[in-house]
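Number of protein chains: 4
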Amino acid sequence: MHALVFEGPGKRTWEERPVPTIQGPTDAIVRITTSTICGTDLHILKGDVPSVTPGRILGHEGVGVVEEVGSAVSTFTPGDRVLISCITSCGKCDYCKRRMYSHCRHGGWILGNRIDGTQAELVRIPYADTSLYRIPDGIDEDALVMLSDILPTGFECGVLNGQIAPGDTVAIVGAGPIGLSVLLTAKFYSPAAIYVIDVDDNRLAEATRLGATAVVNDAEGQAIQCVMNLTRGDGVDVAVEAVGTPEAFDTCQSILAPGGRLANVGVHGKATALHLERLWDRNITLTTRLVDTAATPMLLKVVESGKLNPAELATHCFALDDVMRAYDTFGNASRENALKVILRNVA
Amino acid sequence: MHALVFEGPGKRTWEERPVPTIQGPTDAIVRITTSTICGTDLHILKGDVPSVTPGRILGHEGVGVVEEVGSAVSTFTPGDRVLISCITSCGKCDYCKRRMYSHCRHGGWILGNRIDGTQAELVRIPYADTSLYRIPDGIDEDALVMLSDILPTGFECGVLNGQIAPGDTVAIVGAGPIGLSVLLTAKFYSPAAIYVIDVDDNRLAEATRLGATAVVNDAEGQAIQCVMNLTRGDGVDVAVEAVGTPEAFDTCQSILAPGGRLANVGVHGKATALHLERLWDRNITLTTRLVDTAATPMLLKVVESGKLNPAELATHCFALDDVMRAYDTFGNASRENALKVILRNVA
Amino acid sequence: MHALVFEGPGKRTWEERPVPTIQGPTDAIVRITTSTICGTDLHILKGDVPSVTPGRILGHEGVGVVEEVGSAVSTFTPGDRVLISCITSCGKCDYCKRRMYSHCRHGGWILGNRIDGTQAELVRIPYADTSLYRIPDGIDEDALVMLSDILPTGFECGVLNGQIAPGDTVAIVGAGPIGLSVLLTAKFYSPAAIYVIDVDDNRLAEATRLGATAVVNDAEGQAIQCVMNLTRGDGVDVAVEAVGTPEAFDTCQSILAPGGRLANVGVHGKATALHLERLWDRNITLTTRLVDTAATPMLLKVVESGKLNPAELATHCFALDDVMRAYDTFGNASRENALKVILRNVA
Amino acid sequence: MHALVFEGPGKRTWEERPVPTIQGPTDAIVRITTSTICGTDLHILKGDVPSVTPGRILGHEGVGVVEEVGSAVSTFTPGDRVLISCITSCGKCDYCKRRMYSHCRHGGWILGNRIDGTQAELVRIPYADTSLYRIPDGIDEDALVMLSDILPTGFECGVLNGQIAPGDTVAIVGAGPIGLSVLLTAKFYSPAAIYVIDVDDNRLAEATRLGATAVVNDAEGQAIQCVMNLTRGDGVDVAVEAVGTPEAFDTCQSILAPGGRLANVGVHGKATALHLERLWDRNITLTTRLVDTAATPMLLKVVESGKLNPAELATHCFALDDVMRAYDTFGNASRENALKVILRNVA
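Chains as they are written, first to last, in this note's numbering: chain A, 31 to 377; chain B, 31 to 377; chain C, 31 to 377; chain D, 31 to 377.
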């Protein structure tokens with residue numbers, strides 16, 4: 031089969047690889063029908079993720095059809111259409127029992143990281159019973175593939191951790207695919223206002239189209255003042271960091287009302303200043319989280335009910351064997367006005 | 031009457047002052063029977079709290095007897111024995127309706143700060159109906175005076191915010207009166223282990239006496255390693271910062287298990303580094319809080335039931351008119367082995 | 031002034047009454063601009079509510095303008111436009127401090143019950159600071175008057191108590207004004223499906239218009255089977271009883287999935303059978319509640335944000351001095367296709 | 031091997047049975063070292079549980095040593111000491127993912143019910159990875175065997191569902207092993223008072239010994255009045271039904287304060303009257319639950335920490351091959367002053 035392979039910092043190839051096979055009784059082999067590229071894949075290509083070694087097939091998002099299952103897999107049989115979770119869960123360890131699958135002792139984020147991933151014609155999924163989800167009939171795969179990672183990430187790390195509630199005012203810093211996933215799923219709880227902050231007007235236009243109450247271009251550092259004005263000086267109930275920089279985190283700290291929640295979603299590479307001299311008596315809650323994908327069954331229900339269409343986040347579509355060009359497009363997201371890039375296995 | 035008056039940085043006097051009088055319909059005048067000194071009072075004396083101006087009577091903790099009430103006070107009548115909350119609550123504003131009395135639009139921490147306080151023979155309490163608590167009969171005033179501030183502070187900011195639950199492992203960094211209040215009230219939830227960290231062996235001995243599972247002297251910077259060893263490398267479920275320094279906060283960050291809660295109780299004067307590069311994917315929750323004293327009715331019930339005796343935190347007792355000497359003792363807490371210093375108005 | 035007065039079972043008059051005056055320092059006098067009639071008022075007229083004695087002015091819902099305030103009222107001044115809560119809250123007692131205003135030791139549901147109510151040109155509101163809400167500018171009074179009682183009732187007793195969450199399946203038994211208020215506010219949480227059950231096709235058509243996923247006419251006792259079919263045999267996550275009869279409660283018991291919540295909103299006059307022989311091992315939660323109106327500030331924000339327009343529940347409008355005819359219409363709700371009947375004080 | 035076998039209503043034998051063998055890849059065979067008898071076993075013997083057919087080996091509680099594991103079992107190996115949960119969990123179905131193991135699509139309460147149980151020398155445990163718990167070293171097996179069923183039942187169905195919190199007043203109706211398990215685990219949350227109601231003075235004496243604040247003998251129907259007196263007319267915050275009769279349930283309904291929680295633990299064979307005419311406006315929460323044993327890891331930690339010694343519930347000890355006599359004793363619990371009866375496999 032063919033696959034997109036990391037060959038060391040800055041290097042990727044679309045190459046022939048052996049077909050994956052069942053290695054343990056809980057494994058399944060899935061034929062990919064739809065996949066996509068994540069911002070994390072770009073970080074890997076830059077060499078920022080040391081756990082990924084050369085020769086690794088990338089990708090942790092995908093939808094497909096079960097080809098084969100190990101002897102202990104009881105939930106799926108060949109031919110079943112499935113959603114692949116970006117988080118592999120053994121279902122047995124102490125973290126899995128607490129539904130904190132992200133920290134599974136035998137799984138977690140391993141796909142396209144410590145084991146081969148989904149930007150390939152076939153992929154091996156360990157602990158298939160607890161890491162795959164049966165797909166409801168009649169739902170667009172472009173919508174479903176967003177449930178592998180970005181929708182649960184936005185929802186769990188941003189919306190649930192931010193405890194967004196009816197009537198709240200919410201600010202989302204960062205209007206990339208993850209920030210927009212926060213926006214889409216924040217609407218589940220009917221906040222009174224959702225403000226979206228970014229420096230890219232195209233992304234802000236997208237935020238408006240997807241339901242932002244107001245958008246703020248922070249190119250000239252006006253975001254904090256703008257949000258304070260929008261909230262009549264009170265600040266927001268919930269600030270969601272969806273960038274992963276000290277600057278974005280700092281904006282969040284500065285616009286939080288007393289009693290507010292700061293939900294960090296962004297991936298950070300360095301420490302940031304926490305202004306406890308201002309915040310110690312402000313009754314705030316700050317959270318971090320790697321997505322657990324515990325919300326995936328609920329998200330499937332909401333997509334099935336027609337109340338959420340995450341396919342709205344897809345801006346481009348390529349054949350899977352054109353994935354090299356898809357990376358070029360996604361790697362120039364701003365210039366290409368790209369959000370999520372669909373990879374369709376038409377083989 | 032006499033009162034302890036702040037006269038500018040480093041200066042305090044015990045001096046004659048006019049008797050306070052009813053100024054508004056919700057006021058009450060309370061004759062102090064027992065008061066105490068808080069670490070915050072020492073900060074004020076150092077000049078660290080700019081809202082306190084020279085001439086201010088200090089003190090925000092106390093127990094007493096109602097002398098007189100304004101026309102709109104309906105809960106109390108002269109002669110009632112009452113506990114004074116360190117937080118004044120109007121009961122009417124948006125924050126009070128959310129039970130976030132700390133941020134009351136007309137109150138909050140004002141006693142001994144923006145208005146005259148409790149280290150005096152008499153004190154005026156605005157919004158008396160919602161800022162005083164009737165005292166159950168037969169309970170020691172030394173116990174009750176701990177419910178003005180430090181017990182609710184330890185409980186709300188440390189225990190509730192830390193979401194301490196049965197079976198948890200807890201670390202408390204700081205074994206002063208506040209840290210020990212966290213310890214006393216953490217036991218309400220039957221954690222499996224409570225580790226207390228400090229650099230003062232006397233305070234650690236006190237922690238052991240009050241129920242710590244193990245204590246760690248961090249004088250040589252061994253605390254992080256010790257706690258990791260005690261938890262077999264897992265880290266703690268809850269870390270409570272009860273010092274108010276970047277170092278103590280850093281210890282807390284470093285010993286937290288995935289999914290852990292870091293509850294900040296300490297008063298911070300400067301920013302600290304938040305290690306998001308390590309914490310972004312650890313599913314942690316970090317909280318700050320100024321005490322709301324919303325838990326005071328519950329604490330009164332638990333004290334009344336005999337399940338909590340906060341008088342254990344009192345190490346010294348002075349007559350109120352000996353408060354100057356009481357400050358000397360409390361100001362040298364380590365040398366004097368002082369925790370809380372009781373002030374008894376024997377007049 | 032004129033007012034609608036209960037004169038004993040079956041008797042009501044529109045008659046001249048003395049203008050209300052300030053009786054205590056926390057009172058306000060409000061000039062009614064908009065009021066409405068509640069199903070409870072019909073119960074009173076039938077003689078079902080023994081606490082209401084002849085001579086009582088009815089009505090516990092209303093919007094108006096403050097005319098005069100007592101000496102301790104600090105939040106409102108004459109001329110302020112206000113929403114009147116059906117629940118009077120002293121803001122001081124143990125229940126008020128727990129936000130359970132319904133059980134306020136000095137208030138609760140007293141308007142149009144133990145004291146004169148809002149179907150009058152003027153009304154006295156005790157504990158005005160904690161029982162009135164300032165009205166945002168530019169919002170339709172027909173929408174606001176629904177926030178006196180039925181919207182918070184539907185939301186608190188049905189939606190909050192039912193713990194409705196994204197992706198849930200919900201059944202509402204009863205499509206009167208309260209059941210439809212549950213429907214409107216259930217949508218705050220994006221359930222996957224909301225089924226509404228009634229025996230009146232007009233009300234079911236209204237439910238469909240307001241967003242029900244499916245409606246079920248139970249005239250021939252098919253509701254249980256229909257809901258089980260709609261849920262593929264699983265039953266619903268949340269069943270809301272909005273009728274107040276053993277039959278409606280029984281329907282709720284019979285359609286609940288394991289782990290489900292049964293939120294009772296209806297007013298019951300007799301005991302009902304609880305099928306513990308079927309439910310003891312089903313992990314269900316059953317709740318009752320008199321509305322606390324603790325959610326009113328949030329509801330005001332959501333109405334202000336444009337995300338909720340409860341004026342959709344108003345089917346008729348009368349001048350206040352035509353209230354006798356308004357009662358005739360509301361009393362024949364089914365024949366008149368009446369939901370809420372607006373009373374406008376055009377004086 | 032030998033086992034205690036149900037031979038139809040009223041008939042049980044201790045007889046030779048074939049050694050159980052691995053049937054599926056997730057099975058384990060466990061050699062029982064300690065077991066016990068549950069009240070449910072007596073119900074089975076009366077013929078009250080139709081799912082149990084003649085020939086079934088009884089028992090759903092036990093501690094033992096793993097003898098053999100199926101090919102997909104990864105958590106345990108032969109020789110491991112384990113606690114057997116009374117609830118079998120597949121770890122894969124929708125209910126297991128929600129931690130509602132009681133309703134597992136492939137498990138639930140099946141041991142000693144739909145498959146052979148633990149009152150035998152050996153037992154087959156399906157889904158071993160998610161239905162067994164590794165035992166900490168050095169803990170008494172008499173304590174551990176209480177964690178198979180009664181401790182999690184008391185804790186989850188009574189304490190967690192009752193939302194027992196510090197300062198609460200709690201009433202437990204029924205002082206059998208389950209009621210006393212509620213008592214032991216209610217103390218985790220430091221309620222201000224725990225009242226225990228029964229008609230058996232020996233059991234009430236036991237309740238006192240285990241920490242009840244006061245006990246009430248209801249032999250003459252005085253319980254409701256007594257509890258109302260003890261709570262100064264307020265009623266209790268939490269009432270736990272641990273009997274399983276309409277009368278006990280009715281006591282709970284009658285002593286609940288506004289805002290109270292009624293947690294049903296008892297197994298009910300018939301419907302009971304729910305007094306909605308009194309309760310509809312009392313803001314109560316009523317719960318039912320079959321134990322999920324989701325709390326077992328926490329209970330193991332608390333037992334390991336020394337904060338709970340459930341061996342206190344054991345009153346008698348028999349050799350496993352003397353189980354026929356153990357049933358005689360347990361079946362006459364009142365006369366024999368029996369609570370839990372330990373079965374020790376000394377083979």
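Do not take every clue at face value.
Pairs involving identical chains hold if they fit within one copy or between any two copies, as the list cannot separate such chains.
Said to hold, decoys possible - Quick list of in silico lysine-lysine cross-link-like pairs, DSS-like style, CA-CA up to 25 Å:
(1) Lys300 with Lys331
(2) Lys76 with Lys127
(3) Lys337 with Lys127
(4) Lys337 with Lys76
(5) Lys331 with Lys76
(6) Lys127 with Lys300
(7) Lys127 with Lys331
(8) Lys127 with Lys41
(9) Lys331 with Lys41
(10) Lys300 with Lys337
(11) Lys300 with Lys76
(12) Lys41 with Lys337
FYI, nobody ran anything at the bench for these hints, they're computed from the structure.
Against the structure, the hints:
no., hint, result
1, Lys300 with Lys331, "neither (37 Å within a copy, 36 Å between copies)"
2, Lys76 with Lys127, "neither (35 Å within a copy, 36 Å between copies)"
3, Lys337 with Lys127, "between (30 Å within a copy, 23 Å between copies)"
4, Lys337 with Lys76, "neither (37 Å within a copy, 44 Å between copies)"
5, Lys331 with Lys76, "neither (36 Å within a copy, 44 Å between copies)"
6, Lys127 with Lys300, "neither (31 Å within a copy, 35 Å between copies)"
7, Lys127 with Lys331, "both (23 Å within a copy, 15 Å between copies)"
8, Lys127 with Lys41, "neither (39 Å within a copy, 39 Å between copies)"
9, Lys331 with Lys41, "neither (39 Å within a copy, 49 Å between copies)"
10, Lys300 with Lys337, "neither (38 Å within a copy, 40 Å between copies)"
11, Lys300 with Lys76, "within (16 Å within a copy, 35 Å between copies)"
12, Lys41 with Lys337, "neither (40 Å within a copy, 49 Å between copies)"
Consistency with the previously given hints fails for numbers 1, 2, 4, 5, 6, 8, 9, 10, 12, ordered from lowest to highest.
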